[in-house]
Amino acid sequence: MVKFNLPQNSKIEVGSYYKDKTNSTNLKKVNVYRWDPSTGNNPRIDTFEVDMDHCGPKVLDILFKIKNEIDPSLTFRRSCAHGVCGSCAMNIDGVNTLACIKSHTDINGELNVYPLPHLKVVKDLIGDLTTLYKQYESIQPWLKVEQTGEEKVELKQSQKDREKLDGHYECILCACCSTSCPSYWWNGDKYLGPAVLLQAYRWINDSRDGSKKERLKKVADELKLYRCHTIMNCTNSCPKGLNPAKAIGSIKKMLATS
Amino acid sequence: MEKNKNPLSPHLQIYRWHISSLLSISHRIVGVINILIITLICFWVCSLLLGENSYESTREVLKTFFGKFLIISFCWTFSFHILNEIRHIAWDMGYGFDLKVAKITGILVFLGSFILTALFFIVGKYFI
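Protein chains in written order, with this note's numbering: chain A, 1 to 258; chain B, 1 to 128.
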C-alpha cells in the first residue's frame, strides 16, 4: 500500500541538543534518529556537537564517539567495521550505505543519520529485517542438485561459468538496496526487493545448480518480480558497487526469452 | 514482540532524489497526463464532426496564449514519455544498466524532451 506519510506513532519530534563540552573549534552537528521502546514516546532527532579534531574519518567513528563520550544509550548495529559484514547499514545524508565505509568528509554541513527506511524500528538506528530474511529463505539460497552426496564426485565449474557469478556473490545482504527501493516500501510484503532478487539471480545463474527452471518459474510473479520499475535507487545505494537493477533486468530478460 | 507499536522509519521524507528516481516518478505522472490528453484529443476530433461552428470554437480556445501553452506542454509530455520509454526498452533488452550510462541517458532524455518539443513546434508551424 502506498502511504506517503508516516503513521501517527512514527512522526519525528525534536529531541535533545547536546552542546560540545570540549571547547573544540572544529565542530560538526550530527542529527541522529532516536527511538526508545521503553518510553512509549514518538521517535525524535537528537543533535550532537562532535569534536572533529579527535575523531576518526568514518561515520561509524562519529557514532562510536557519541556513544563513548556523549550518550551511551545510542544504539546501532556494527561488527566488522570495514564493509564486509553489512551490519551498520543505515541512511546517511539521505542515501543508504554502510557507516563503516562512508567518510564524513564527503558530507558538507550537518550530518543526518537515520535507520534504514520504511522498516519497523527496534531501537534507535536498528530496523527490523525479519521480512527480508524470510524472503531470502523463500528463494532457497543453496545449491539444489540431483546428487545425494554418496557419489563422492566433485561438482565442477569452469572458470567461465564461475565468472558469471561475479558481481552477485559479493552481496553481503546489508539491505541497503531493498530499503532504498520505493517499490519495496509500498509492497515490501509481496515484492521480493533488489537484495533478494539479486540473490535469486545468483542461484539461477549458477552452472552447478539443477533447478534453474523451477527457480525462474517461482520468481516469475507480477508482485514478486515485476514490481521493479527500474527506479535504480538500489544500484545508486549499494555500498559494494553491485548492480541489483541489472540482475533484476537479467531475470526479466531470461523469462521473456525462455 | 508487539511489532505494531514500533514506529516506521522515515522513507520518502528523508531519501535523497537521484536523476533515475526523479525520472521514474515523472515518467509515471506524465503517463497519466498523456492518457487524459489522448482522451481529450479524441473528444476534440469527435466534436469536429459536428461541423464548422464547433471547429471554430475549439480553434478560438487553442489560439489563446493559454491554449498555445497547453499544446506546447502536451508536446513536451509526449516527447518526454516517448524518449524515456526508449530508455526502458533498452533496459528490457539488457542494455544501459550501468550507473554512469543510466545517468547520462537520463540527462539525455530530459534535455532531448525539450529539443523534441521545439522540433514539434517548428515542424508544426513552418512545414505543415
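Everything labelled a hint here was simulated from the structure, so no lab data went into it. Where is the CB? At the ideal position from N, CA and C, for every residue including glycine. Honestly, I wouldn't trust all of these hints.
Unchecked claim - Ranges of calculated distance between the beta carbons of each label pair, as one might list FRET restraints:
hint	chain 1	residue 1	chain 2	residue 2	range
1	B	His88	A	Gln157	42 to 50 Å
2	B	Val123	A	Gly94	51 to 59 Å
3	A	Asp36	B	Tyr95	25 to 33 Å
4	A	Ser258	B	Thr58	48 to 56 Å
5	B	Val123	A	Glu137	40 to 48 Å
6	A	Ser73	B	Phe114	46 to 54 Å
7	B	Ile14	A	Pro37	15 to 23 Å
Against the structure, the hints:
A beta carbon spacing of about 34 Å between histidine 88 of chain B and glutamine 157 of chain A contradicts the range 42 to 50 Å that was offered as a hint. Judged by the Cβ atoms, the range 51 to 59 Å given for valine 123 of chain B and glycine 94 of chain A is violated: they are separated by roughly 42 Å. Range check, aspartate 36 of chain A to tyrosine 95 of chain B: about 49 Å between beta-carbon atoms, so the 25 to 33 Å window is missed. About 50 Å separates the C-beta atoms of serine 258 of chain A and threonine 58 of chain B, a value consistent with the hinted range of 48 to 56 Å.
Between valine 123 of chain B and glutamate 137 of chain A the beta carbons are some 57 Å apart, a value that contradicts the proposed interval 40 to 48 Å. A beta carbon spacing of about 53 Å between serine 73 of chain A and phenylalanine 114 of chain B agrees with the range 46 to 54 Å that was offered as a hint. For the pair isoleucine 14 of chain B and proline 37 of chain A, the beta carbons lie near 21 Å from each other, so the given range of 15 to 23 Å is met.
Figure legend: structure checked against the earlier numbered hints; hints not met, in rising order: 1, 2, 3 and 5.
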